[in-house]
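Since the structure of chain V is already known, use the hints to place chains C and W on it.
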Amino acid sequence: MSEPLPKTNPGRFFEDFNLGETIVHATPRTVTSGDVSLYTASYGSRFAVQSSDVFAKQVGYQAAPVDDLLVFHIVFGKTVPDISLNAVANLGYADGRFLKPVFPGDTLSTTSEVIGLKQTSAGDSGIVYVRSIGRNQHGQIVLSYARWVLVRKRHPGTPAHAEQVPELAKAVLAEELGEGCPSIELAAYDDALAGSRFRWGDYAVGERIDHIDGMSVEEAEHQIATRLYQNTAKVHFDAYGARDTRFGKRLIYGGHVISLARALSFNGLGNAFHIAAINGGRHVAPLFAGDTVYAWSEVIATAELPGRNDVGALRLRLVATKNLPCNEYPLKLGDQYAVGVVLDFDYWALVPR
Amino acid sequence: MSEPLPKTNPGRFFEDFNLGETIVHATPRTVTSGDVSLYTASYGSRFAVQSSDVFAKQVGYQAAPVDDLLVFHIVFGKTVPDISLNAVANLGYADGRFLKPVFPGDTLSTTSEVIGLKQTSAGDSGIVYVRSIGRNQHGQIVLSYARWVLVRKRHPGTPAHAEQVPELAKAVLAEELGEGCPSIELAAYDDALAGSRFRWGDYAVGERIDHIDGMSVEEAEHQIATRLYQNTAKVHFDAYGARDTRFGKRLIYGGHVISLARALSFNGLGNAFHIAAINGGRHVAPLFAGDTVYAWSEVIATAELPGRNDVGALRLRLVATKNLPCNEYPLKLGDQYAVGVVLDFDYWALVPR
Amino acid sequence: MSEPLPKTNPGRFFEDFNLGETIVHATPRTVTSGDVSLYTASYGSRFAVQSSDVFAKQVGYQAAPVDDLLVFHIVFGKTVPDISLNAVANLGYADGRFLKPVFPGDTLSTTSEVIGLKQTSAGDSGIVYVRSIGRNQHGQIVLSYARWVLVRKRHPGTPAHAEQVPELAKAVLAEELGEGCPSIELAAYDDALAGSRFRWGDYAVGERIDHIDGMSVEEAEHQIATRLYQNTAKVHFDAYGARDTRFGKRLIYGGHVISLARALSFNGLGNAFHIAAINGGRHVAPLFAGDTVYAWSEVIATAELPGRNDVGALRLRLVATKNLPCNEYPLKLGDQYAVGVVLDFDYWALVPR
Chain V
1 MSEPLPKTNP GRFFEDFNLG ETIVHATPRT VTSGDVSLYT ASYGSRFAVQ SSDVFAKQVG
61 YQAAPVDDLL VFHIVFGKTV PDISLNAVAN LGYADGRFLK PVFPGDTLST TSEVIGLKQT
121 SAGDSGIVYV RSIGRNQHGQ IVLSYARWVL VRKRHPGTPA HAEQVPELAK AVLAEELGEG
181 CPSIELAAYD DALAGSRFRW GDYAVGERID HIDGMSVEEA EHQIATRLYQ NTAKVHFDAY
241 GARDTRFGKR LIYGGHVISL ARALSFNGLG NAFHIAAING GRHVAPLFAG DTVYAWSEVI
301 ATAELPGRND VGALRLRLVA TKNLPCNEYP LKLGDQYAVG VVLDFDYWAL VPR
Chain C
1 MSEPLPKTNP GRFFEDFNLG ETIVHATPRT VTSGDVSLYT ASYGSRFAVQ SSDVFAKQVG
61 YQAAPVDDLL VFHIVFGKTV PDISLNAVAN LGYADGRFLK PVFPGDTLST TSEVIGLKQT
121 SAGDSGIVYV RSIGRNQHGQ IVLSYARWVL VRKRHPGTPA HAEQVPELAK AVLAEELGEG
181 CPSIELAAYD DALAGSRFRW GDYAVGERID HIDGMSVEEA EHQIATRLYQ NTAKVHFDAY
241 GARDTRFGKR LIYGGHVISL ARALSFNGLG NAFHIAAING GRHVAPLFAG DTVYAWSEVI
301 ATAELPGRND VGALRLRLVA TKNLPCNEYP LKLGDQYAVG VVLDFDYWAL VPR
Chain W
1 MSEPLPKTNP GRFFEDFNLG ETIVHATPRT VTSGDVSLYT ASYGSRFAVQ SSDVFAKQVG
61 YQAAPVDDLL VFHIVFGKTV PDISLNAVAN LGYADGRFLK PVFPGDTLST TSEVIGLKQT
121 SAGDSGIVYV RSIGRNQHGQ IVLSYARWVL VRKRHPGTPA HAEQVPELAK AVLAEELGEG
181 CPSIELAAYD DALAGSRFRW GDYAVGERID HIDGMSVEEA EHQIATRLYQ NTAKVHFDAY
241 GARDTRFGKR LIYGGHVISL ARALSFNGLG NAFHIAAING GRHVAPLFAG DTVYAWSEVI
301 ATAELPGRND VGALRLRLVA TKNLPCNEYP LKLGDQYAVG VVLDFDYWAL VPR
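As given, the protein sequences belong to chains V, C and W, one line each in that order. FYI, full-length UniProt numbering numbers position 153 of the first sequence as 153, with every residue one higher than the one before it. FYI, full-length UniProt numbering numbers position 247 of the second sequence as 247, with every residue one higher than the one before it. FYI, full-length UniProt numbering numbers position 202 of the third sequence as 202, with every residue one higher than the one before it.
So that you can see chain V by itself, here it is in the shape it has in the complex:
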């Protein structure tokens, strides 16, 4: 008998990525109201559109849509076994667009196209750029985003078989926003039920908002959420294996931080119900269980949407910190991020006008 083939997934190394190839990721996922409940239980999100079928229908949705970031996490989770199992670092996101609302019952699957490759000067690893696309059961794109990660080479000396760095916009253009949001019936949009009397026009560029509240994170919580997304990155789950790593303990999935900060931002941005686009995001420092997350936002830009009078867009910088309240809007000291800052996230939110 010949030796059977190894059955486990060793993950791809830098040499295994080919420019232009498309990777079909495993485990399509039917999103359910159970996932929505766990999302609420994980972050305490309070946006009325996502919380109430009645509210959502009144303003123009067919039902309460699934939180945009839950969609992101599920679409993202599928890419881990193929893209980032041997990743050294998750370097960035760009050009993320939420293009269709997702509802309980929809089934999501993900593919990724390799859009760039660049080896590091040391030559033992390289940056892999992918565009990941989440589709629903009708084949419609619900989410598209670019991401780049630093991936080890299998054999440090191997030269890259192609190099190309894609051009990625610093921000999604305002005129491209809004596809993921139906026409909103403003007359039916109830500010009291939504929890904020501030509409799009009430926000000014440069305005900063301390979201005040803090949320502490437990190991069980981030593990439960990250498993819900079927994200298998072992750094989040293996405390025994983590003993010998740089931090000596489990790291919290960066997306968990984004969702915590977004949920906290309800206090001040209660009508910013839809994330239309992710312009970029940087995980400035790791978060660990036991830490308490705070957040603040800055309005970077405001934009009208072409041909739409129902909603406008706010470009927001969402900053999350750990064990550091945000009443002084901590961000940078000179060129460096201030100690305590963990997330610098740039996105477009839609707000009723």
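Check each hint, because a few of them may be wrong.
As the list makes no split between identical chains, a pair holds if one copy fits it or if it spans any two.
Calculated pairs, SDA-like style, for lysine to any residue (alpha carbon to alpha carbon, straight line, at most 20 Å) [what the hints assert, rightly or not]:
hint, residue 1, residue 2
1, 249, 325
2, 234, 324
3, 332, 4
4, 57, 131
5, 249, 197
6, 249, 88
7, 332, 344
8, 57, 139
Hints in this document: simulated from the structure, not taken from any laboratory. Everything numeric in this text was worked out from a predicted model, so none of it was measured.
What follows is chains C and W alone, placed relative to chain V:
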């Protein structure tokens, strides 16, 4: 450019409440089977009516109703940002009535009427009495209860602009019970499947029941449950901010304790499937993560329901303790609650006859 | 007034079991998509058939079936108050058969027949053998398994009123497998979406697979999962009461370990989507919160299913360890299980051909 208005919710202070005003609370919520699963996972509740659609339909419900306390927590959670963000203490509940069953798919929203105001003798705070009402998507009242909280004044010296203390019944009258419970088909009520052979007539006034089992509580558990209810009271979530408070750590939401004790009470009260009314409740001492909750019950009264032969009512005192088994029914030493008692809760349950 | 009868369930002692009697267990349970989400969140399972309604329908199911082990845990949980409340030890399982898929919306209930009784030589306890049967709302058997537990006597001296040790097969016969799995449409079974290119024929008897990944377990996690199953065994929940026990802390439900190991086994057995039978299982050592679980599998046998060309069966030994990576396939040292091994589980999985 004029300075933009502050966007965050500072919470209401005592001066901000007006006698007779009605507050519409934010974030209507569609309750789903996902919420029900999380409720079961949080407390381990085993009442057959709430657990099985088949059982529920056989005895007269259209489907398995949502646990009454899950309804309470969701309705209550909505009031926190408007009523108790600046509360010093949650003083009491009275006259709580569960008036319609809630099913997965129903959407709940809450309003509160200010029914009383009374400043403290120190003058720096006052008691706010509200009647909170939870309604379903048809506008039907599913839950109504009175609650009073001690709220700080914004400016300690400000005199109250009105004072009135509402009269609240010590207990809901037996003849007012039962609206939230359909007619129960006794022939179809299977004691073996329900888990108890004891019917209404088997309980005697004065009878005490030690529910035996203990349930330890972890930080992740109470945070997950309390976020599920979209309850934002920061004392439950912010470990960093709690360092400088009296207890130095997070407090567990009082409703979490009620639900734990109620779930434990299944062992001895397996057929007491419906909470018809909450007569009163007192959180005697705080519960912290790491504590183990035990519970016992006393039958305070029994009552027939006018015109109904299917179910009778038991008025129950449900006492919860921490790190103190209840085989000796701990309650008070003289006028004081005994050390270890955390909850003294008075409610009416319905039991098949 | 006569003294009311004690209302709590003291659990059955050895003398309370009668050979041949059938026990109807309490609390029928409607399984929902909320339970499925919590199961995913608890273990991170990634089998495509259970994750995606679309995938499941394409290959021949009416919808995504509930994970077989979730069915097992729910059916098992109901037996605890009647069978094992006074159990000293859970000794083994045999002849477990998954006979019908379960879908969200199905209602499960459990009965157990006492199929064997044997007192121990010390005479203070005895082994109770039961066959537990889980049925859906149509009365169809979805799961049947034998289990034996060591149960204390109420009065150590009482002689057993009957003794009989049932004969239980060491393994379910291959020709009896497959009832719980519809005919699989191989042309529609997409390996890329399933996450593995290895089909039944690619596995060889004797092959060993290290599943690589590790999963740490927190108190909150196993408590949440075990409560979801309405399993009330107090050793899993009562930290205060556990102080005086042998281990001084809470024990994790053995089924939690099985589900963790099964979820880890996806990496190497991604197409082994259905557990057709449980041949046996042994909890070699207890697992505690804070431990990290690893797993490996050995192919013990392969079998065709009579009259079926769609799927074949693999008989797998699934070994779980704690704080011990499995690259060296730890199992036994001489006659003894190696330190670190916690589970030795023998089951039949079905894999597309």
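Here's how the hints hold up against the structure:
In the homo-oligomer, the alpha carbons of residue 249 and residue 325 lie at most 20 Å apart only across protomers (17 Å), although the nearest pairing inside one protomer, at 24 Å, exceeds that limit. In this homomeric assembly, residue 234 and residue 324 come within 20 Å of each other (Cα to Cα) only across copies, at 15 Å, whereas the closest approach inside a single copy is 28 Å. For the homomeric pair residue 332 and residue 4, neither the shortest alpha-carbon distance inside one copy (54 Å) nor that between copies (24 Å) is at most 20 Å. Taking CA atoms no more than 20 Å apart as the test, residue 57 paired with residue 131 passes in neither setting, with 32 Å inside one copy and 29 Å between copies.
Taking the shortest Cα distances, residue 249 and residue 197 never come within 20 Å of each other, neither inside one copy (43 Å) nor across copies (33 Å). Only within a single protomer do residue 249 and residue 88 lie at most 20 Å apart by alpha-carbon distance; the minimum there is 16 Å, versus 36 Å between protomers. Taking the closest pair of Cα atoms, residue 332 and residue 344 come within 20 Å of each other only inside a single copy of the chain (10 Å); across copies the shortest separation is 50 Å, beyond that limit. When the C-alpha separation of residue 57 and residue 139 is checked against a cutoff of 20 Å, the pair qualifies only between copies, where the shortest distance is 16 Å, while the shortest distance within a copy is 24 Å.
Figure legend: structure checked against the earlier numbered hints; hints not met, in rising order: 3, 4, 5.
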